[in-house]
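Chemist: Line order of the protein sequences matches chains A and B.
Residue numbers 3 to 225, in our numbering, belong to the letters of the first sequence in order.
Residue numbers 15 to 238, in our numbering, belong to the letters of the second sequence in order.
The set of hints was computed from the structure by calculation and includes no laboratory data.
Since the structure is predicted, the reported quantities are computational estimates derived from the model, not experimental observations.
All residues carry an ideal CB built from backbone N, CA and C; glycine is no exception.
One thing to keep in mind: the hints can contain errors.
[Stated by the list, open to error] Some chain A residues well away from chain B (every beta-carbon gap over 10 Å; in silico):
id: 1; residue: Gly74
id: 2; residue: Thr78
id: 3; residue: Pro102
id: 4; residue: Asp167
[Stated by the list, open to error] Part of the chain A face toward chain B, derived, beta carbon under 7 Å:
id: 5; residue: Leu13
id: 6; residue: Ala21
id: 7; residue: Leu28
id: 8; residue: Gln38
id: 9; residue: Pro132
id: 10; residue: Ile147
id: 11; residue: Val148
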Amino acid sequence: MSAQKINIPMLGIFLGGVAAVAAGLLAGVQTLTAPQIEANQLAAANEAMMQVLPEYDNDPTLEAQVFQSVEGWDVTYFTARKDGEIVGYAGKVVTPEGFPDGDGNISLMVGLEPDGAVGTVLVTASSETPGLGTAITNRKLQKTIVDLFSGGEVLEGLVPNKYLDWYAGKTAGEERWAIVKEGETVNGKTGATITSKAICGGVYAVSRTAIEHLEELNNNSAQ
Amino acid sequence: MSAMKEFSKGLWKENPVLVLLLGMCPTLGVTSSATNGLGMGLATMCVLVGSNVVVSSIRNVVPKKIRIPVYIAIIATFVTIIDLAMQAYAPISLYNALGIFIPLIVVNCVVLGRAEAFASKNGVGKSVMDALGMGLGFTLALVALGATREFLGSGSLFQIKMIPAWKNDFMLPTSAPGAFIILGLFLAGMNALNIRKARKEGKNYKAASMDCSTCNICDMGEEK
Chain A
3 MSAQKINIPM
13 LGIFLGGVAA
23 VAAGLLAGVQ
33 TLTAPQIEAN
43 QLAAANEAMM
53 QVLPEYDNDP
63 TLEAQVFQSV
73 EGWDVTYFTA
83 RKDGEIVGYA
93 GKVVTPEGFP
103 DGDGNISLMV
113 GLEPDGAVGT
123 VLVTASSETP
133 GLGTAITNRK
143 LQKTIVDLFS
153 GGEVLEGLVP
163 NKYLDWYAGK
173 TAGEERWAIV
183 KEGETVNGKT
193 GATITSKAIC
203 GGVYAVSRTA
213 IEHLEELNNN
223 SAQ
Chain B
15 MSAMKEFSKG
25 LWKENPVLVL
35 LLGMCPTLGV
45 TSSATNGLGM
55 GLATMCVLVG
65 SNVVVSSIRN
75 VVPKKIRIPV
85 YIAIIATFVT
95 IIDLAMQAYA
105 PISLYNALGI
115 FIPLIVVNCV
125 VLGRAEAFAS
135 KNGVGKSVMD
145 ALGMGLGFTL
155 ALVALGATRE
165 FLGSGSLFQI
175 KMIPAWKNDF
185 MLPTSAPGAF
195 IILGLFLAGM
205 NALNIRKARK
215 EGKNYKAASM
225 DCSTCNICDM
235 GEEK
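Start from the sequences, fold in the hints, and give me the full structure.
Modeler: Listed below in structure tokens is the structure:
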């Protein structure tokens, strides 16, 4: 190696060779994994929809319609059908009224009955304060050590959340719903008023906009 | 038995996180839960093994002048393979939680450090043992940190609540300041143990990471 002359073209060719081998390898791996990755992304996108809708057999993403709510937010509706009959809608909205400490956006997926009444409410993304705002938004299953050893039933699905379950069965009228913090049934939490209000407004917008456009929703689906 | 020594040094004596203080960015960034620590550790270990094998098998062919770019190309290739594989076959929640830290394994100095300081000077067999040991040491440190932070934060381990009555999460250990505090406590504990051990043997303990003479990472192998 002593007194070796630096042969720049050779170095370039060597480096190029290494890069070419690497690129070839990566192209192969990408081709191999691409179908699986695509399937995963689709499954993740549809997961929230499946959780808020009753059983269906069509692809609701093919029957998506976007309407603007009174607040000016875009609400996307997915129509779920079974044997051709409408069994419900999933309304997706992003409300910017969340706690401004994060980015303030809360993404909601709201299951709706065919008449526009609210079913299951799910928060798909938010940046609310852990422990305060997340008490309202969280519906994730929390397994405990007791479940592991008690055996028997397998825990699945959505955890009841009294703040989100408050909306079940409600239909949006002319006025926005009020925040209720006292008593048996509540939709607001002390210490997380902004989050409570944001979700209330978001769910209201989904239900209200659906009722305003119910005819269009039904007609589109009939085609 | 030297192969065994190459393997075991990464676990304790030259632990990449707790002694050499390498790879601090993913260490602090992803260890908010034990699961994340485990995922990150295993991903890094795969890259380490791959890059060490390739680097040591081409060590006599690569021109010295361009060895670093070649190593980086090799490491980047393995990282991208791991990234794609995790995206395809790992749970999507784990992939999302690790996020940007997976592509960033490329610049994890544990990986380049082992390629340059070890694999480029040793045979394939030894390099594999070194990578496995370092990777496992990295993984164990990340899991330990993640488990501690997760348990102090919400009383759970690997997303399973150990104390069912623990209702309200404690935010400090799982947030960024908590990462620094708990890592600091880990390092202090590690040093205390080593000092005690050295004192029993009648020696003076010198923290390896604080002194370049005991650290072979910085030995960049310039013309010798």
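Chemist: Next, verify each hint and record whether it holds.
Modeler: Cross-check of the supplied hints:
1. The claim that Gly74 of chain A lies off the interface holds: its Cβ sits roughly 30 Å from the closest Cβ of chain B, which is beyond the 10 Å cut-off.
2. Consistency note on Thr78 of chain A: stated as away from chain B, and its beta-carbon is indeed over 10 Å from all of that chain's, at 21 Å minimum.
3. Consistency note on Pro102 of chain A: stated as away from chain B, and its beta-carbon is indeed over 10 Å from all of that chain's, at 18 Å minimum.
4. With a cut of 10 Å on Cβ distances, Asp167 of chain A stays outside the contact zone with chain B, its closest approach being about 18 Å.
5. The beta carbon of Leu13 of chain A comes within 5 Å of a beta carbon in chain B, closer than 7 Å, and the hint placing it at the interface holds.
6. Given the 7 Å rule on beta carbons, the hint for Ala21 of chain A holds: about 6 Å separates it from the nearest Cβ of chain B.
7. For the restraint placing Leu28 of chain A at the interface with chain B, the shortest Cβ-Cβ distance is roughly 6 Å, inside the 7 Å limit, so the hint holds.
8. Interface hint at Gln38 of chain A: satisfied, since its Cβ lies 4 Å from the closest Cβ of chain B, which is below the 7 Å cut-off.
9. Given the 7 Å rule on beta carbons, the hint for Pro132 of chain A holds: about 5 Å separates it from the nearest Cβ of chain B.
10. The interface hint given for Ile147 of chain A is met, as the beta carbon of that residue sits about 5 Å from the closest beta carbon of chain B, less than 7 Å.
11. With a cut of 7 Å, the hint placing Val148 of chain A at the interface with chain B holds, because the nearest CB-to-CB distance is about 5 Å.
Violation of the numbered hints given earlier is absent; every hint is satisfied by the structure.
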